[in-house]
Amino acid sequence: MDPVTAVLRGVPMTLYLTFGAFVIGAIGGVPLALALRSGTWPVRAISRLVVDFVRGVPIIVWLFVLKFGLAGEGIRFTPLTAGVIGLGLVSAAYLAEIYRGGLQTVPIGQLEAANALGLSRSVTFRRVIAPQAFRIVSPSVATYLMGLLKDSSIASTIIVGEIVFQAQSYARQHPTAVGIIPYVVAGLFYIVLSIPVAYFSRKLDRRMREEIY
Amino acid sequence: MTLTGVEAGERAGNVGIDLDHISKRFGDHVVLDDVSLHVAPGTVTALIGPSGAGKSTFLRCINLLERPDSGTIRVAGHTIEPGKEIRSRDLAALRSTVGMVFQSFNLFPHMSVLDNISFPQQNVLKRTKSEANDRSMQLLERVGLPEKADQFPTRCSGGQQQRIAIARALALDPSIMLFDEPTSAIDPEIGLEVLAVMRELAAEGMTMIVVTHEMQFARDVSDTLVVMADCRIIERGNPREIMSEPTQARTRQFLRAVLER
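Quick note, the sequences are listed as chains A and B, same order.
Letter by letter, the first sequence follows residues 1 to 213 in our numbering.
Letter by letter, the second sequence follows residues 1 to 261 in our numbering.
For the record, the hints were derived by calculation from the structure and aren't laboratory data.
C-beta: ideal position from N, C-alpha, C; glycine also.
It is possible that part of the hints are untrue.
What the hints assert, rightly or not - Distance windows between CB atoms, simulated:
(1) Arg-48(A) to Lys-84(B): 31 to 37 Å
(2) Ser-122(A) to Pro-50(B): 26 to 32 Å
(3) His-78(B) to Thr-78(A): 54 to 60 Å
(4) Gln-138(B) to Tyr-199(A): 56 to 62 Å
(5) Ile-190(B) to Leu-15(A): 25 to 31 Å
(6) Glu-131(B) to Leu-204(A): 53 to 59 Å
(7) Ser-122(A) to Arg-155(B): 26 to 32 Å
(8) Arg-89(B) to Ile-27(A): 29 to 35 Å
(9) Gln-248(B) to Glu-210(A): 34 to 40 Å
(10) His-78(B) to Lys-203(A): 26 to 32 Å
(11) Gln-138(B) to Arg-48(A): 44 to 50 Å
(12) Arg-74(B) to Thr-143(A): 18 to 24 Å
(13) Glu-189(B) to Val-23(A): 25 to 31 Å
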């Protein structure tokens with residue numbers, strides 16, 4: 001087998017890890033971001049602690065804890081599940097911080113206008129505040145997504161058969177070939193995969209900018 | 001409810017509002033010191049005074065954007081004591097009776113002009129999209145901006161945005177309108193078009209409370225002039241009388257400063 005075909009077999013796993021974790025993070029980040037901005041200080045303190053703790057521990061440690069550390073407690077994840085949960089957890093913490101920054105940029109007058117009109121809290125958030133914050137954070141979220149795509153390679157350490165894992169095993173099985181080639185191929189795959197994310201993010205951003213400004 | 005007849009009358013602009021002994025402090029800093037104001041139905045009250053007097057804070061206390069520490073608000077059959085717990089039913093009634101226009105317009109930048117006016121109607125009054133849009137277009141005609149319906153607010157001038165904001169507030173059929181320095185963020189010349197809409201509204205019998213630095217508007221349009229300084233109301237009465245013969249030295253000083261500019 002040639003290195004391209006071998007590494008290609010890892011692409012679906014990489015995509016699965018990336019998008020699975022991204023969905024968990026993108027959704028889980030919302031309540032966390034709101035908690036970070038809560039008017040009740042214990043809620044704020046606890047969520048701050050959670051976010052800093054999750055971000056402070058390296059992804060590889062999270063993956064090992066989820067895959068191997070919890071086995072003793074009777075919680076056994078498949079490598080893929082552990083990978084998606086671990087990366088999703090870390091994504092939720094990072095995205096919560098990005099969302100919080102975005103929410104902060106929405107002028108207080110928007111909230112006051114919504115209150116004065118008598119809109120409910122949930123309508124105010126969903127229809128007034130969140131859409132404006134989304135416009136602000138969308139480039140940062142896309143940047144995070146591209147980073148996550150590459151960070152998903154850490155899951156190779158818990159035996160998830162993604163791109164880097166496939167490159168490694170090809171290199172190991174073909175000691176006669178030039179060792180670096182499968183890794184160069186892996187690198188090229190990451191570039192190819194991240195181009196559409198960058199493209200659509202720029203397009204989305206430009207469209208939203210034209211609408212408002 | 002048996003109140004329907006009364007409420008129908010209220011919608012025609014026959015609602016006043018009573019504010020009694022409103023006090024508010026931010027930490028140790030007193031911003032409102034026992035302020036009372038009774039606004040008769042269908043009248044225009046202009047609130048003037050130097051910066052920091054508490055005019056805007058007082059106006060924001062009326063619809064509870066700012067929550068007073070003590071006092072009583074009576075409007076449309078509801079009594080609210082902001083120092084105590086506020087029932088959501090009372091808050092909703094207050095907000096639906098009282099519309100507000102801000103100095104900085106606060107239109108929703110991600111919605112078209114039409115959606116800015118229609119979306120609150122659909123949510124708060126449960127109007128259908130077409131009912132809401134009909135009403136919005138009617139109001140846009142009234143403020144002279146029907147051609148802006150499909151544009152985004154940031155494409156409009158300050159005066160246009162403020163007229164749209166007035167239309168947005170009116171679309172919810174309020175009985176009382178609060179204006180917080182509605183022309184202060186606008187070019188003086190363009191402010192005239194906003195004042196014209198407000199004059200029309202006053203002539204139709206809308207109950208209005210207006211914080212303003214537009215002395216001519218205050219003199220010509222308001223029924224009651226209220227002068228605030230140092231967190232309290234220092235003088236109130238007929239606008240022409242106060243402007244020509246203020247009884248308080250502080251009022252005289254303020255009027256001299258604004259009129260002789």
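Taking the hints in turn, this is what the structure says about them:
1. Arg-48(A) to Lys-84(B): 31 to 37 Å: Check passed, 32 Å falls within 31 to 37 Å.
2. Ser-122(A) to Pro-50(B): 26 to 32 Å: With a Cβ separation near 40 Å, Ser-122(A) and Pro-50(B) fall outside 26 to 32 Å, so the hint is violated.
3. His-78(B) to Thr-78(A): 54 to 60 Å: Cβ of His-78(B) to Cβ of Thr-78(A): about 59 Å, so the range 54 to 60 Å holds.
4. Gln-138(B) to Tyr-199(A): 56 to 62 Å: violated, 44 Å
5. Ile-190(B) to Leu-15(A): 25 to 31 Å: violated, 54 Å
6. Glu-131(B) to Leu-204(A): 53 to 59 Å: violated, 33 Å
7. Ser-122(A) to Arg-155(B): 26 to 32 Å: About 29 Å separates the Cβ atoms of Ser-122(A) and Arg-155(B), which means 26 to 32 Å holds.
8. Arg-89(B) to Ile-27(A): 29 to 35 Å: holds, 33 Å
9. Gln-248(B) to Glu-210(A): 34 to 40 Å: violated, 54 Å
10. His-78(B) to Lys-203(A): 26 to 32 Å: Violated - the Cβ-Cβ distance for His-78(B) and Lys-203(A), about 50 Å, lies outside 26 to 32 Å.
11. Gln-138(B) to Arg-48(A): 44 to 50 Å: holds, 49 Å
12. Arg-74(B) to Thr-143(A): 18 to 24 Å: violated, 54 Å
13. Glu-189(B) to Val-23(A): 25 to 31 Å: violated, 53 Å
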